[in-house]
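K.L.:
As you go down the protein sequences, you meet chains U and S in turn. Read in this note's numbering, the first sequence has 1599 at position 162, and its numbers run on one by one without any break. Read in this note's numbering, the second sequence has 1728 at position 291, and its numbers run on one by one without any break.
The hints are simulated quantities; they were obtained by calculation from the structure and are not laboratory data. Mixed in with the good hints, there may be bad ones.
The list makes no distinction among identical chains, and a pair is therefore deemed to hold if it is satisfied within one copy or across any two copies.
Only pairs whose alpha carbons sit at most 27 angstroms apart, straight line, appear in this in silico DSSO-like list of lysine-lysine [claimed, not checked]: (1) 1651 x 1510; (2) 1450 x 1610; (3) 1614 x 1662; (4) 1651 x 1509.
As the structure is a prediction and not an experimental result, all values here were calculated from the model.
Number of protein chains: 2
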Amino acid sequence: MDKRKGTLFFKNKPSIFKTFSIVGPKEKQSKLGKYYDMALDDDKFDESTYEKAECKMLSTAVSKVIKKSNLKKDEIDLIISGDLLNQIISANFMARDFDVPFLGVYSACSTITESLILGASFINSNNFNNVVCAAGSHYATAERQYRYPLELGAIRPPQSQWTATGAGAYLLKPFIKGYPIITSATIGKVVDFGVLDANNMGAAMAPAAASTLKNHFLATNTTPKDYDLILTGDLGALGSRLVKHLMDKSGYDIFNHVDSGELIYNLDEEDFQGGSGAGCGTVVMASYIYPKLLNGEFKRVLFSATGALLSTVSSQQGESIPGISHAVCLECNL
Amino acid sequence: MDKRKGTLFFKNKPSIFKTFSIVGPKEKQSKLGKYYDMALDDDKFDESTYEKAECKMLSTAVSKVIKKSNLKKDEIDLIISGDLLNQIISANFMARDFDVPFLGVYSACSTITESLILGASFINSNNFNNVVCAAGSHYATAERQYRYPLELGAIRPPQSQWTATGAGAYLLKPFIKGYPIITSATIGKVVDFGVLDANNMGAAMAPAAASTLKNHFLATNTTPKDYDLILTGDLGALGSRLVKHLMDKSGYDIFNHVDSGELIYNLDEEDFQGGSGAGCGTVVMASYIYPKLLNGEFKRVLFSATGALLSTVSSQQGESIPGISHAVCLECNL
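Extracted from the complex, chain U is given alone in its bound form (with noise of 0.2 angstroms):
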């Protein structure tokens, strides 16, 4: 078996200039408000419904990005985005903005980091100057496609995660000094363990990340130790007390875990196991991580954000719920 299968190193060391993040009012008066680019008072944004709030949230991150690293939209090579409603429609219609080539992506709620992937490949290869990576997510239409309108007031399972509402966009460049840099990284695989509770996503997802994680401390030559901070992303608290278990079996001990979903809520019975959703790990990287790598505090962290291949027709029809999990290393060696 070839070890290093599944993962990439990037040697042009792709930099990532500049994040923003935009969240919504329960994410703003949550413990990591103060470090978010933008938030939200209303969470519709001064739209009519909530799917059109999610592409505007979606829209603003990368317009935000973009005006943040003094650039203009022509200016911009590629958008790699992606999200959790039905044909990614945040996505698309967010790009409908942009007259800039796009690239939709599928990957649940490790969107950015397979986004991330493939922005950090396409800098590295030399092609492109300026790629913007981004994802997002939003309570009210996950809920409403995945679960229950929230007019039905249905209560909500002690295993369940609260998706968050939050877009985050990430500009990356070739190498600049100073800045953290996407040195390496590992493509998921899908992995199942027959999860069959659509509340129960930290329990779908952790195999996977304890595959990716693994995959990549093998293909790296490295251990938990190397890393200032191992973060998964989305997989509330009892995902990661599965996924340290699972790590744990292999071997690893990852002491330095957290993960997005534990960091993003206080703590609060309505939240039960945390936040979720695509734009969770997103914003938590790009507002509360990134600048720690960027002012020093942080010289290597891991990023393994994790998807839920969750769908009501799958689920219909009484199939499980596989995971996927992509992994990328962020450096910053000032």
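Please arrange chain S on chain U, whose structure you already have, making use of the hints.
P.N.:
What follows is chain S alone, placed relative to chain U:
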């Protein structure tokens, strides 16, 4: 403006080593029927639902192209795939059958060319040796999801197309003499001409196809005359007329243009404008056009698959249908 924007040049000549296509009974009985590798008499493929059949077709195409290439599953470095179902379940559940790194993509019926662009990029950068790119669709699942359940017997309007039941897989390798290579590609932009009719996808996609073809000609300093064939997929008859008209207005006579949606079926009243679906261009290229490159009949083919970014939620909210088209240039110099 950088006229090369969005266009990639693959200097290391990634080769399409083998292709495999599988289609349903209607496709089998149509004029290209004899070209496909495998054709079903039962479009449920011995499964209990059409969704499971669609997934099995995609999985079969991937398995068989690996076998046809004399490879084993564990020699595959990466699978890139997508489909039309919500959360691309056919592709995600297909990937579960293979213990291989997987990237999910969504670009509606342009998914196969997005996959080929990414596959060629991974091969070109020398990291990967065997990459499978695949896409598919199923008439029954697409009708149910996007329009009406078949049981309803809804009347099809004359501007409609028939979603192809078919899946295709392409095995990409670093340069092998004598096999078709991907020399360049153009990543499309999301283009919206304000089409509101979910039955008139040809009109929604034609502007995107015209945009990508123009950008490709500009970036590569070519004109239609430099190609033996310009294959779009899946604009259908009306969409083909529209793209010819739009290109003509831009000063390009695409005299050698054919559309996979026009090719795939016999002229039949029920089909109206011809075929569509993520599987349509995929199987036409894999089984009808690819062999003509392989045997020297064609030296250079431009393949621009087209996607209508249609979604029930966005349509119900009054949104128009944007389109996208990604193009790849295939060449074979024996």
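K.L.:
Next, verify each hint and record whether it holds.
P.N.:
Status of each hint after checking the structure:
When the C-alpha separation of residue 1651 and residue 1510 is checked against a cutoff of 27 angstroms, the pair qualifies only between copies, where the shortest distance is 20 angstroms, while the shortest distance within a copy is 39 angstroms. For the homomeric pair residue 1450 and residue 1610, the shortest alpha-carbon distances inside one copy (9 angstroms) and between copies (25 angstroms) are both at most 27 angstroms. In this homomeric assembly, residue 1614 and residue 1662 come within 27 angstroms of each other (Cα to Cα) only inside a single copy, at 25 angstroms, whereas the closest approach across copies is 46 angstroms. Taking identical chains as interchangeable, the C-alpha atoms of residue 1651 and residue 1509 lie at most 27 angstroms apart only when they sit on different chains, with a minimum of 23 angstroms there against 40 angstroms within one chain.
The earlier numbered hints are all upheld by this structure, with none contradicted.
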